[in-house]
Amino acid sequence: MSEFLEALMVISFGVSWPLSIRKSWVSRTTRGKSLIFMVLIFFGYISGVLSKITALVVDGKPITYVFAFYVLNAIMVGIDIGLYFRNRKLDTIAAGRDFQS
1 MSEFLEALMV ISFGVSWPLS IRKSWVSRTT RGKSLIFMVL IFFGYISGVL SKITALVVDG
61 KPITYVFAFY VLNAIMVGID IGLYFRNRKL DTIAAGRDFQ S
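For the record, in the sequence shown the residue sitting at position 23 is 23 according to the numbering used here, with numbers rising by one throughout.
If you are wondering where the hints come from, they were derived from the structure by calculation, not from laboratory data.
Quick list of in silico lysine-lysine cross-link-like pairs, DSS-like style, CA-CA up to 27 Å:
#1 Lys-89 <-> Lys-33
#2 Lys-23 <-> Lys-33
#3 Lys-89 <-> Lys-23
Could you put together the complete structure from these sequences and hints?
The following block contains the structure:
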C-alpha cells in the first residue's frame, strides 16, 4: 500500500511538469519561474532515485515501478531547467544586452 501511495504522490507531481515545460517553451521568458525551486525539486527526485537504488543494493529490495516515475520526473525537471537557461538568454537579448556565460 505504501508503494501505491508513493506512486500516487510522484505521479501527481509529475503531471504538472509537462505543463511547466510547455509554459517555458511557449513564453520564452524566465518570468514566473524560480531556478532555486526547480533545482530543489530536481535534487529531491534524484534523491528518490538514489534511495531506490540503495534499497536494491544494500537491502536487496526490488526496484518497483515507482522508480520509473522518479526518473521520468527528474528528466522533465531537467528539461525545464534547461529551458530556464535558454529563456534567460532570450530575456537578456530582448533587453538589448549581449549574453555572456
